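Let the hints inform the model, and build the full structure from the sequences given.
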Amino acid sequence: MSADAIIKVKDLSAGYGETALLEHVSFEVKRGEVFVILGGSGCGKSTLLKHLIGLLPPLAGEVLIDGGNLASASGEERQKILRRIGVGYQSGALFGSMTLAENITLPIEEFTTLPPEAREAIAWTKLKLVGLENFTAHLPAEISGGMQKRAAIARAMALDPQVLFLDEPSAGLDPVTSAELDALILQLRDALGVTFVIVSHELASIYAVADRVIMLDKKAKGIIAEGKPQDLRDNSKDPFVHKFFHREAA
Amino acid sequence: MPEVAHALTIERSEGGVCLKLSGRLDANTVAEIWDEALGAVKGKVTVDASAVEYCDGAGSALLCELRRRGGGEITGLRPEIAKVFELFGGDVEPDDTAKKPVNSPVETLGRLGADFFQDLWEQVAFLGQLAVVFLSFRGGTQRLRWSDVWITFERAGVQALVVVGMISFLTGLIMAFQAAPPLQQFGVDIFVVNLVGLAMVRELGPIMTAIVLAGRSGSAFAAEIGTMKVNEELNALNTMGLDPIRFLVAPKVLAGIMVTPFLIIYANLLGVAGGFLVMLLRGFPPPALWQQLTSAIGVHDVMAGLIKGFVFGGLVAGIGCLRGLQTREGASSVGISTTRSVVSSIFLIVVVDAVFAVVYYVIDF
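Going down the list, the sequences are from chains G and P.
For what it's worth, our numbering labels the leading residue of the first sequence as 1, then goes sequentially.
For what it's worth, our numbering labels the leading residue of the second sequence as 1, then goes sequentially.
Be a bit skeptical, because a hint or two may be false.
Listed below are several chain G residues computed to face chain P (Cβ distance under 7 Å; list not exhaustive) [claimed, not checked]: (1) T113; (2) A121; (3) T125; (4) A141; (5) I143; (6) G146; (7) Q187.
Calculated directly from the structure, the hints in this document are not laboratory data.
None of these values were measured; they are calculated from a predicted model.
Every residue, glycine too, gets a C-beta built ideally from N, C-alpha and C.
Set out below in structure tokens:
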């Protein structure tokens, strides 16, 4: 195991109840890396993500985030680990009754001693980060789907986490907005050293941002390929990986 | 003398104030120095950030705010930190126009009035649409979905039996308990049967049933249809050519109209049973109680309550569905619709009951 790994997944079996979608999965994510989880529909990408962020307990194995185990931690220790991560959900999952600024100030208010005007100033900077500084007083329902996704990233960034997990960040976005989001991910990584774990199957975005990818497979119940996306595209002998990267029908 | 507070040093001179920041500027350190740093901003300020080693979003927010209020320059930022600062909006000024304008009291009052009349208009329009839908039912594509009617009938009726029964029984019991001692002083405590019987059959049975229906079923209709609207399911129905009023609302309203009188009969029986229990415990024989009841209550009294039941049933189901259809966006809007459905229903139940009381009095029913 390398020392600069911020996430270590060891022999993880992931799934719901008794049903394991993935078995004996092991991988590491390095600090400052943009790591993408790929795979066909129903292969367990989102399930794996839920295990990584502690929403589901592992059926077997463990997930360590900066040395902390979310599944077994409780109380303050769990809060400490959660402070290191931010999650951008596929649908945004913004709180509908709060403005965009309030969505961001909520975790800041709960977990820091910053005064109200500081919280508001931070909310503005986070929204500026995603180009929504003119929408601080808007409710999520009053902005477009793409804007909601960007606002969700701003909220995930509220406490300046070390790791950002993003579930399908580019899905449903137009190519221009999608490219802007890719640029933002790279900027955050370069400027702040944020580590990204992204679930996606938008090939253009994957090529643009991913340092490394793992590809999951339903039948294999695990990782069938790992490496740089361009390498997998050009050199993989696995028929599914080849079809995936060349957009060929099964 | 410079004032020192962790990552902040304040130097005052004739030329103005110089704030020297150092070390890590993250949420924790910014929380410690925020008030002091901004409190020092009076007039022109220069910020020396050459000793800052780390700066995240919270640090950038402090620098932005210092520059906005002090108007001075931020100097000495390391290139990598300058990049972060720029990313978080260090290159632009916050725009106050992003904040929504606050309405004046007059404007707020006007909006409230407009909303009230708009709501009234929507209620009338809804009633009209519902009437058109009911009149246009025929076979084929214009048929009524009877399966949905029976499902709602079961959910709103059969599954409400326990709560309606308990409330009615206890109400009859409480009324008898309260009325018997004072009436006994005049030797007419047998008239407790008249009191409980008439009150239950003409007023309390229908009203309590309608209120339970509003709380259990009207709110459920509002939440169900509201959630469908938020999830764009109503748009899907519309684009499939299915009118939501005919498809969703009509079966619920019809089930409400059909089930409420049955619930009222059940509530009446249990309410009277509650009163009878008290009287039996006070030593009155069952035949005497039955004779007193039948002499006090006529068929027209029972009918007076049941007629209200048809109206209350339609009203509660209709209001629940209307509030569901009026749902805007987001989860909180569904909650608002549900609350509005219960509040409007209970208010209208009382208003309609008052109208019935006047009409029954005038026609001597």
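Results for each hint:
Checking T113(G) against chain P: minimum C-beta separation of about 4 Å stays under 7 Å; hint holds. Taking 7 Å as the C-beta contact cut-off toward chain P, the hint placing A121(G) at the interface holds, the least distance being around 4 Å. Taking 7 Å as the C-beta cut-off, the interface hint given for T125(G) holds, the closest approach to chain P being about 4 Å. Checking A141(G) against chain P: minimum C-beta separation of about 3 Å stays under 7 Å; hint holds.
Using the Cβ-Cβ criterion of 7 Å, the hint placing I143(G) at the interface with chain P is not satisfied: the shortest such distance is roughly 11 Å. At about 16 Å, the closest approach between the beta carbon of G146(G) and any beta carbon in chain P exceeds 7 Å, and the interface hint on this residue is violated. The restraint placing Q187(G) at the interface with chain P holds, with a minimum CB-CB distance near 6 Å, inside the 7 Å limit.
Of the numbered hints stated above, those contradicted by the structure are hints 5 and 6, listed in ascending order.
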